[in-house]
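Q: Here the structure of chain A is known, so what remains is to put chain B in place on it, guided by the hints.
2 protein chains.
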Amino acid sequence: MSLSPSDRLQRLADLAVGLGANVQPGQVVGVTAALGHEELVRAIARSAYKAGAKYVDPNYFDYHVKHARIAYAAEDTLDWVPPWFGERMLAHDALGAARISLTGPTVPGLFDDVDPKRAGRDQLPFVKEVPVVIDRQNMNWTVVPCPGPAWAQLVYPDLPVAEALERLWQAVEHVCRLDTADPIAAWRDRAAQLQRNAATLTGLQLDRLHFAGPGTDLTVGLLPTSSWLAAGATTKSGIRHLANLPTEEVFATPDPLRTEGIVRATKPLVNGGAVIRDLVVRFEQGRAVQIDASSGAEVLRGRAALDEGACRLGEVALVDRESRIGKLDTVFYETLLDENAASHIALGGGFPFGVQEGDRDRVNQSGIHIDFMIGADDVDVTGFTQDGRELPLLRGGAWQI
Amino acid sequence: MSLSPSDRLQRLADLAVGLGANVQPGQVVGVTAALGHEELVRAIARSAYKAGAKYVDPNYFDYHVKHARIAYAAEDTLDWVPPWFGERMLAHDALGAARISLTGPTVPGLFDDVDPKRAGRDQLPFVKEVPVVIDRQNMNWTVVPCPGPAWAQLVYPDLPVAEALERLWQAVEHVCRLDTADPIAAWRDRAAQLQRNAATLTGLQLDRLHFAGPGTDLTVGLLPTSSWLAAGATTKSGIRHLANLPTEEVFATPDPLRTEGIVRATKPLVNGGAVIRDLVVRFEQGRAVQIDASSGAEVLRGRAALDEGACRLGEVALVDRESRIGKLDTVFYETLLDENAASHIALGGGFPFGVQEGDRDRVNQSGIHIDFMIGADDVDVTGFTQDGRELPLLRGGAWQI
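Protein sequences appear in the order of chains A and B. Each residue of the first sequence is one higher than the one before, starting from 3 at the first, in our numbering. Each residue of the second sequence is one higher than the one before, starting from 3 at the first, in our numbering.
With the rest of the complex left out, here is chain A (with noise of 0.2 Å):
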């Protein structure tokens, strides 16, 4: 099955609106974007419409004006952050609006002449009420990829550049289901398929996962009540949507007091446009104490000292080499995908949500939520239970469970 250009960005911008977010008639859609994510921007919103919308409100990130502000803004304004930033989204929550947010690098390399320091002193487009909003699951909202030349040619550098588009759309229509005949159907089936391997997690009650690989010896504790997630979340008004498109994972709470060891990233990753190579992270009582990388460590190294909770764990996932996306063993570059092709743990705020009443104080906070990918088919994932049993979970990539 082959689509059109302008068929696969509609049956994109569908899912997003229909199955992602599933929007609701009357609803406000925020759309989160980047200059460059356009057309997708507008099929989404001839779709939300469409849909009953109400009111569709894009905003566009520019991340040549946060490089101006980078390159000749005074340092000690570089983290003052507009405070409408935060206040246009906690009226979406007010709101009860629908979030459909963009990703896909548009400007790779864009901020490789700026100093790094200050560069990590500018979080924007992030913003502190993001996990805020999250936690108060009042907005039905997802996450979804948009293709784009700059994109493409990040992720298949040898190709011309019409060549390289066209093959990430290819790769996005696959791991989004859109090659498949109905593929909201898909996804209800694959979510379920998900969830069943959360459950069965969630039954182990497990204290604790080991990882093991090349550059690879980490302890992650879970908090006691932590539960196993996966693709899925509903509103607490009843409305159900799927955080992430694609998703892949299982993913649990960590304890943030109880990381320990070392962990090499077995893919790169992108952050406020750098892209970090050779990540190495050394953590001791669950900090990060030291972050090393061949490139870009100092972007990372600048987010994780934004609060205390920086340098903590806030999430641990697995996934199996059954994914879609880890199939292709192709690096995207691009967290959403990266990280629903790999295992992998996040630096930053916690979800509330994962774990029981007694527990919600313990989950890790903070302005940040920085995913890096671990996992890889020579990375063996142990668990330990809380009444003492050494269970092997995935061993050559595959479930043990």
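Mixed in with the good hints there might be a few duds.
Copies of the same chain look alike in the list, so a pair counts if it fits in one copy or across any two.
Below, computed lysine to any residue pairings styled on SDA-like, alpha-carbon distance capped at 20 Å [unchecked claim]: (1) Lys-52 - Arg-120; (2) Lys-130 - Trp-86; (3) Lys-238 - Leu-97; (4) Lys-130 - Ala-93; (5) Lys-52 - Glu-77; (6) Lys-52 - Arg-123; (7) Lys-119 - Asn-273; (8) Lys-238 - Val-134; (9) Lys-130 - Glu-165; (10) Lys-130 - Val-145; (11) Lys-130 - Asp-309; (12) Lys-52 - Asp-115; (13) Lys-52 - Asp-117; (14) Lys-52 - Glu-336.
Source of the hints: derived by calculation from the structure; they are not laboratory data.
A: Leaving out everything else, chain B in the frame of chain A:
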């Protein structure tokens, strides 16, 4: 003197920042633009940060998303205005920010296929807070033109697009005096000249103006304490700024109850993406009671029905034939340039700062302000003074004062 594309872009940005808005160190700078204006926004950001701006806050409007709304949204939602649009503007006002707005059509004809009555219900990106914050005079602001390919093709439809764009840029360079050795000094001279004309007109103590020409026989009464203003404003905190670049007009505040007769627009008007051609408006006791046009009449009728003041005048402005814009004898389909080529009037809100205290409540109030051009070499403008004298003001487009 010929400028390279990047030179002229940066010169225009530097003029907007250095003279138009007159950005001060430590200021937030709001930049209002449409998609298609990115390059100038970014040049402005560089210039503003170099001038010491604290934060440059671009806000891009996407007319394609608006088009989707008008095409598909429920009728009764079309006049809903997201509160965060106005709140962001009020936040800028509270901070005493600078503001730079870019104009220049980016999507001519986009709205030709929608129901003009539906289109008329959605005034965005205009919000009612615009005249409120202008009246408060806390912000130093300017409006500058932003050349682009779609606009160039509208102005020069017979040229290939690259050539049309080059020609539009040359016109903008000329009318913005970027082709002088020191554009800021050139504008200071020109502004002084316009202010002398305004002072002379104020000294005449005019009661009303009369416009007479082909299809036009219009009397515009002025408020008793109306001053003539030109080129330049000052914030309450004392920052000088040039609200329009270019500017060639002197303007005054009409009595909203005393416009009488019929007027034929001498140039097309672009409003909300629609081109309004061959506009004829008839006034009775200050109200526009009939609005006709060969295209786009519905759009203007919709806007003139927005509120009580939307069908009355808020501004009358005189422009002589010596303006650099007038001499080009080109229709730019953009009010900022066209209004400075010809005398004009505006439906909607007036400027309370244009009259003395006792007349403030009599200035027209409205959520709209739409200028349209009524002057030409064959339109005579005559003044009638408060003490009963009749004085020719413009004959053959030349000042008689």
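Q: Regarding Lys-119 and Asn-273, is the shortest C-alpha distance of 20 Å or less found within a copy, between copies, in both, or in neither?
A: Intra 14 Å, inter 46 Å, cutoff 20 Å: intra-copy only.
Q: Within, between, both or neither: how does the pair Lys-130, Asp-309 come out at a Cα-Cα threshold of 20 Å?
A: within (11 Å within a copy, 40 Å between copies)
Q: With 20 Å as the alpha-carbon cut-off, assign the pair Lys-52 and Arg-123 to within, between, both or neither.
A: between (41 Å within a copy, 18 Å between copies)
Q: At most 20 Å between CA atoms: does that hold for Lys-52 and Asp-115 within a copy, between copies, both, or neither?
A: Cα proximity of Lys-52 and Asp-115: across copies only (17 Å, versus 44 Å in one copy).
Q: Between Lys-130 and Ala-93, at a C-alpha cutoff of 20 Å, which is it: within one copy, between copies, both, or neither?
A: For Lys-130 and Ala-93, both the intra-copy (14 Å) and inter-copy (19 Å) Cα distances are at most 20 Å.
Q: Using 20 Å as the alpha-carbon threshold, which applies to Lys-130 and Val-145: within, between, both, or neither?
A: within (18 Å within a copy, 33 Å between copies)
Q: Tell me, please, which holds for Lys-238 and Val-134 at an alpha-carbon limit of 20 Å: within, between, both or neither?
A: Answer is within; shortest intra-copy Cα gap is 14 Å, inter-copy 38 Å.
Q: For the identical chains here, do Lys-238 and Leu-97 meet the 20 Å Cα criterion within one copy, between copies, both, or neither?
A: Answer is within; shortest intra-copy Cα gap is 13 Å, inter-copy 36 Å.
Q: Quick one: Lys-52 to Arg-120, C-alpha cut-off 20 Å, is that within a copy, between copies, both, or neither?
A: Intra 44 Å, inter 16 Å, cutoff 20 Å: inter-copy only.
Q: First find the shortest C-alpha distance between Lys-130 and Trp-86 inside one copy, then the shortest across copies, and answer within, between, both or neither for a cut-off of 20 Å.
A: both (12 Å within a copy, 18 Å between copies)
Q: With identical chains, the pair Lys-52 and Glu-77 could be close in the same copy or across copies; at 20 Å between alpha carbons, which is it: within, between, both, or neither?
A: The answer is between: 12 Å across copies meets 20 Å, while 46 Å in one copy does not.
Q: Could you place Lys-130 and Glu-165 in one of the four classes (within, between, both, neither) given a Cα distance threshold of 20 Å?
A: Neither: 39 Å inside a chain and 47 Å across chains, both beyond 20 Å.
Against the hints set out earlier in the document, violations occur for numbers 9 and 14.
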